[in-house]
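Construct all of the structure, not just a fragment, from the sequences and the given hints.
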Amino acid sequence: MNLIKRLGDIFKKKQNNQKLISIRSIFNRFRAVIDSNTKALELIADMGDKLSGDYIFDIAYIRQISRDLSEAVFRSIHNLNVLCRNKYEILYQIFDEINTQLENLIEGKIQNGPLVLKTGIKI
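Letter by letter, the sequence shown follows residues 1 to 123 in this note's numbering.
Just so you know, these hints were derived from the structure itself, not from any lab.
Capping the alpha-carbon separation at 20 Å, the derived lysine to any residue pairs in SDA-like fashion look like this:
1. Lys39 - Tyr61
2. Lys87 - Ile77
3. Lys87 - Ile34
4. Lys39 - Ser66
5. Lys50 - Leu69
6. Lys39 - His78
7. Lys87 - Ser36
8. Lys87 - Phe74
9. Lys50 - Leu105
10. Lys109 - Ile62
11. Lys109 - Ile65
12. Lys39 - Arg75
13. Lys50 - Ser66
14. Lys87 - Arg31
15. Lys50 - Arg63
16. Lys39 - Ile77
17. Lys39 - Arg29
18. Lys87 - Phe30
19. Lys50 - Ile62
20. Lys50 - Ala40
21. Lys109 - Glu97
22. Lys39 - Glu71
23. Lys87 - Asn28
24. Lys87 - Ile26
25. Lys109 - Arg67
26. Lys109 - Arg63
27. Lys87 - Asn37
28. Lys39 - Ile62
29. Lys39 - Leu83
30. Lys39 - Phe27
31. Lys109 - Ile59
32. Lys39 - Phe95
FRET-style restraints, in silico, Cβ to Cβ:
33. Glu97 - Ser52: 29 to 35 Å
34. Ile98 - Gln64: 15 to 21 Å
35. Glu71 - Gly48: 15 to 21 Å
36. Gly53 - Arg31: 34 to 40 Å
37. Lys50 - Val82: 31 to 37 Å
38. Ala60 - Asn99: 17 to 23 Å
39. Asp35 - Arg85: 17 to 23 Å
40. Glu97 - Gly48: 22 to 28 Å
Don't be surprised by glycine CBs; every beta carbon is placed ideally from N, CA and C.
Given below as structure tokens:
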């Protein structure tokens with residue numbers, strides 16, 4: 001009887017370790033979503049500071065901050081989808097459409113346009 005109890009305890013420990021790994025993995029992925037979102041918000045705040053008029057910036061700054069912001073938002077979307085088992089895959093398409101429009105605007109391919117970007121995607 002003692003042997004059966006020991007075997008049961010061993011299997012329970014393995015199950016608890018698997019749950020712990022799973023929880024740890026979920027926490028790490030959630031943390032990655034938060035970190036990339038925080039990075040995006042910091043970049044947006046930096047752009048706001050530059051627009052105050054106290055700083056001089058050029059197109060190189062705009063291109064770089066746009067790339068950095070795009071990367072941070074993409075990482076947030078990716079980690080959110082991994083965390084939620086691809087429940088929000090539509091965000092990739094929305095991201096691509098908005099990102100393409102912003103790149104075209106920065107590169108001067110769009111002269112005048114609406115203040116609100118339309119994606120054509122219904123959620």
